[in-house]
Amino acid sequence: MILETRRKFSGAIALSLSTLAALTGLFWLVFILGDVLYQGLSALSLDLVFQDPVPAGVAGGGLRNAFVGQMLITFTATLIGIPVGILGGTFLAEYAHGKMISRIISVLSDIMVSVPSIVIGTFIYAVLVRPAGHFNGWAGAVALAIIMIPVVLRTTENMLLLVPWTLREAAFALGAPYYKVITQVVYRGAATGILTGILLSIARVAGETAPLLFTSFNNSFFSSDMNGPMASLTVSIFQYAMGPYDNWHAQAWAASFLITFFILLLTIAGRLIIKWRYHS
Amino acid sequence: MPAQTAKKDPVDLLFSSLTGLASFAIILFIIGILWVLIYESLPAIQRFGIFHFLFSTAWDPVKEQFGALTNIFGTLITTLLSLLMAIPVALGIAIFLTEVSPNFLKGPIGTAIELLAAIPSIIYGMWGLFTLSPIMSKVVEPFLQNLTRGIPLLGLLFSGTPLGVDLLTSSVILSIMLIPFTASIARDSFNLTPAVVKESAYALGATQWEVVRDVVMPYAKLGVFGGIVLSLGRALGETMAVAFVLGNNHRIPTSLFDAAATITVTLANEFTEADQNIYLASLFYLALVLFVMSFITLAVAKLFLLRAERRYSK
Chain X
1 MILETRRKFS GAIALSLSTL AALTGLFWLV FILGDVLYQG LSALSLDLVF QDPVPAGVAG
61 GGLRNAFVGQ MLITFTATLI GIPVGILGGT FLAEYAHGKM ISRIISVLSD IMVSVPSIVI
121 GTFIYAVLVR PAGHFNGWAG AVALAIIMIP VVLRTTENML LLVPWTLREA AFALGAPYYK
181 VITQVVYRGA ATGILTGILL SIARVAGETA PLLFTSFNNS FFSSDMNGPM ASLTVSIFQY
241 AMGPYDNWHA QAWAASFLIT FFILLLTIAG RLIIKWRYHS
Chain S
281 MPAQTAKKDP VDLLFSSLTG LASFAIILFI IGILWVLIYE SLPAIQRFGI FHFLFSTAWD
341 PVKEQFGALT NIFGTLITTL LSLLMAIPVA LGIAIFLTEV SPNFLKGPIG TAIELLAAIP
401 SIIYGMWGLF TLSPIMSKVV EPFLQNLTRG IPLLGLLFSG TPLGVDLLTS SVILSIMLIP
461 FTASIARDSF NLTPAVVKES AYALGATQWE VVRDVVMPYA KLGVFGGIVL SLGRALGETM
521 AVAFVLGNNH RIPTSLFDAA ATITVTLANE FTEADQNIYL ASLFYLALVL FVMSFITLAV
581 AKLFLLRAER RYSK
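If you're matching them up, the sequences are chains X and S in order. Read in the numbering used here, the first sequence has 126 at position 126, and its numbers run on one by one without any break. Read in the numbering used here, the second sequence has 588 at position 308, and its numbers run on one by one without any break.
Calculated from the structure, these hints are not laboratory results. The beta carbon of each residue, even a glycine, is placed where N, CA and C say it ideally should be. There's no promise every hint is true.
Simulated pairs of lysine-lysine, PhoX-like, Cα-Cα distance not exceeding 20 Å [what the hints assert, rightly or not]:
1) S/K478 x S/K501
2) S/K582 x X/K99
3) S/K478 x S/K386
4) X/K275 x S/K386
5) S/K478 x X/K8
6) S/K582 x S/K501
The calculated label-pair distances, taken between Cβ atoms and stated as ranges, are [stated by the list, open to error]:
7) X/L41 x S/G387: 26 to 36 Å
8) S/N426 x X/I101: 56 to 66 Å
9) X/S45 x S/L293: 51 to 61 Å
10) X/S45 x S/V476: 52 to 62 Å
11) S/L349 x X/E169: 34 to 44 Å
12) X/I273 x S/N549: 33 to 43 Å
13) S/L293 x X/L264: 38 to 48 Å
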């Protein structure tokens, strides 16, 4: 009897510890998000989006330059990263399906997904910034695209593999060449999945700071010239948070709030789409 | 095989080579990064060698003496500490999500944990600087100091002025970031255990915890280990979460309350300031060391995860 009580007792302890662990996870989430929400909302104003920065120490001003810069850089990165990612994923799931090379590239891109993004920043600095002689927005966009490509590539591959082979065979039987089968049958079948991959990859790069530090750098003035240094929200947050001024800190919080909830929105949208499309 | 007949079409040939080219971009990036980093760090490699660079604690831009040891040491310490803190919580969460939680809570709590992974690292960093760091310096660190005062080794670990900008705070932030990664992989591995095996254990009279400990855990060992190594790889390269609260101090820390430097923090703080060639080359050298370290770690993790997948998902 004593043995049995002891077994039950240790079981109860272990399982309550696991519940405690889950609560710890939730605690951090609520703590961090709540803090960002509270501090961000109390500092949020229209000026943040519509005003350019004012000289340090002067009250007022905003981060319009950083918003525009962030959008331009992310958008350009998306334009480069998504076609390459989708085409690459197509090769792995279709033309190289089941071949060794497909497995190797899959594994390598899984590794690339987690390669330190700051290393990619140093790489782009050597390749695109120094030859140009100055920091530039293009370099930032390419750095983000390199982070994006493996993410899109892997999701595309997985989503294309979910499309049943019989569907392709039916199209082949009608005499369609492979590229037509892919673009008109397979892509349509996997469209929502690929879209999810795109959303999640944008969410992934929108919060990246490290690869922008020495590529697009920063710019305290409004600039839409991708060929020059460009402000981005994340780098501005880094600069402002490390700076000594209280209104800088407030603006950093407000910008963090906007960027965090943009990213969480994308992430949740992506998850909902997957759930709606593949689990119902 | 449809591909053979289709190859005759010229458009198809074009499309297939285009896709092939796109996927080879991945290989190109990896080789390109390696090649460029080696090329750029050549001056430093020639001047400091490999072993001397890796094991030298010098970091003096004025005297142009550079070694990686303080950075590597900081990277390894923060990584190990954060893993130590993250793994128990992550495993607990995975157990909770697969075994303990009622069904209607599994989805929401699982999503909440994964949202934790979606928060950008700069937010963790800033939150750490403004919110966690004051708590650490005013509450947690003095408490730990009082607790361990007089104990020979532990006391030393917690000695110094608790400023909140130190190894401990950085590791705590990093551990919060690692929890969701490790937890979601562990959960997926736990879920691979066939229900029949668990049910047989229950039929023999095992308690829920005994099923987890003696059936699910051994079954998921490989996957969980892979997940841990993957988190390790991520932690090695994390920049912004630690850049705010580590202090960028190039000295071997003796206490957890010491400011330190990691490879990533050094790069983030000094890369744009490097004015001499040898300084920049040394920073590239650091990036190379980090790239090789994390690449190997991630490859090992992937190997374990692939093996786990192959063994159990037949």
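Okay, the hints, checked on the actual structure:
no.	hint	result
1	S/K478 x S/K501	15 Å, holds
2	S/K582 x X/K99	19 Å, holds
3	S/K478 x S/K386	19 Å, holds
4	X/K275 x S/K386	14 Å, holds
5	S/K478 x X/K8	17 Å, holds
6	S/K582 x S/K501	14 Å, holds
7	X/L41 x S/G387: 26 to 36 Å	28 Å, holds
8	S/N426 x X/I101: 56 to 66 Å	60 Å, holds
9	X/S45 x S/L293: 51 to 61 Å	57 Å, holds
10	X/S45 x S/V476: 52 to 62 Å	60 Å, holds
11	S/L349 x X/E169: 34 to 44 Å	60 Å, violated
12	X/I273 x S/N549: 33 to 43 Å	39 Å, holds
13	S/L293 x X/L264: 38 to 48 Å	44 Å, holds
The structure shown violates just one earlier hint, number 11.
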